[in-house]
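When you get a sec, could you build the whole thing from the sequences and use the hints?
In order, the protein sequences belong to chains A and B. Numbering-wise (our numbering), the first sequence opens with residue 1 and increments by one. Numbering-wise (our numbering), the second sequence opens with residue 1 and increments by one.
You can take every hint at face value.
Some, not all, of what chain B presents toward chain A, calculated at C-beta under 10 angstroms:
#	residue
1	Y3
2	R4
3	S5
4	D6
5	W10
6	A75
7	W80
8	R84
Not everything, but these chain B residues come out facing chain A in the computed CB check (under 8 angstroms):
#	residue
9	S2
10	T7
11	T8
12	L11
13	T78
14	E79
If you are wondering where the hints come from, they were derived from the structure by calculation, not from laboratory data. Predicted, not measured: the structure shown is a model, and the values here were computed from it. Just so it is clear, CB atoms sit at the ideal spot from N, CA and C, and this is done for glycine as well.
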Amino acid sequence: MSATLKVKVWRGAAQGEFQTFEVPRHASQTVLDVVMHIQRALDPTLAYRYACRVGMCGSCAMTVNGAPRWTCRTHVDKVALKNEMSIAPLRNLPVIRDLATDMSEFFDKWAKAKGRFSGERSRRDDFARVAPGSERRKAADAGIECIGCGVCYAACDVVAWHRDYLGPAALNRAWTLVNDERDRETLERLRAVAGDAGCHACHTHMSCTQRCPKQLSPTASIAGLKRALVKAAMEGEL
Amino acid sequence: MSYRSDTTLWLAQRASALVLALCVPVHLATIIYAVRRGLSADEIYERVHGNHEWLAFYLVFVLAVAVHAPIGLRAIATEWLGWRGTSRDVVAVLFAVLLAWMGLRAALTLFL
Chain A
1 MSATLKVKVW
11 RGAAQGEFQT
21 FEVPRHASQT
31 VLDVVMHIQR
41 ALDPTLAYRY
51 ACRVGMCGSC
61 AMTVNGAPRW
71 TCRTHVDKVA
81 LKNEMSIAPL
91 RNLPVIRDLA
101 TDMSEFFDKW
111 AKAKGRFSGE
121 RSRRDDFARV
131 APGSERRKAA
141 DAGIECIGCG
151 VCYAACDVVA
161 WHRDYLGPAA
171 LNRAWTLVND
181 ERDRETLERL
191 RAVAGDAGCH
201 ACHTHMSCTQ
211 RCPKQLSPTA
221 SIAGLKRALV
231 KAAMEGEL
Chain B
1 MSYRSDTTLW
11 LAQRASALVL
21 ALCVPVHLAT
31 IIYAVRRGLS
41 ADEIYERVHG
51 NHEWLAFYLV
61 FVLAVAVHAP
71 IGLRAIATEW
81 LGWRGTSRDV
91 VAVLFAVLLA
101 WMGLRAALTL
111 FL
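Next comes the structure, spelled out in structure tokens:
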């Protein structure tokens, strides 16, 4: 292990340039450790975002050596090439400054995809009982662990060329709710996710599935939405 | 409304792709296998004229093409040119009619 790491870090917003820093190497060092070292010891003006440091909050995702990753759970050993590394903000989102992106559109699209649970029980009703082994429950479970980090959104080429496309995370969220048997807005949700800004725009590149740090498959969720739409259309409900 | 038409178009393109996946290999293999006495209009006409089994096959093939290709071009027009709305859909339908007309005319002339 060489004593120092040469790190190119994006500075600026949409317009800007990479600035090179020399950072000491340590055992088990994460990319977030590197960014924190730069901000605390070399240049306190560096803007970036993080919270939990342990892969729970989904706020520290950045583009590391060209690919979107959680910086807190990415070891430098795994990504540094010949002791060099580049760190940039997430793709497909407006850059506020340096490594911090504006995630508003990402979360607005969750709302557009009707990503909010809509049940009919109140706090005075008994718990809904959902069989853990039922097919719908298993389908919901497969996508439910998303923490909204935006890695899939940054990895998606369709998002890059079609600004209205809802994106993998919002569609994955819609699919978990379509499979939630307590939810009462399935039809409205299916209508919201159809069409060329929704699931039908997906080209099945599977970049989202390849990059998801939780090993979820938004691609499978999007395929599920397409099937659910066909079923609803054939049954005359759509 | 577009959620229904987009879903229907998606299904129509997948279903027609399924038909084409069977038709295209048969079509290509038959061309290679059947051409024995040179590739000329006379030779083909003489060999296949009046064959109603092939007529049925090519009617299905032509209709599948007429469904499949315009939907794909419509998607390309949307994604590459940002072309949306009624004008795009009218052109796609006209292209479907053109493909169906050319294909049916050829199949009926040759096989009937």
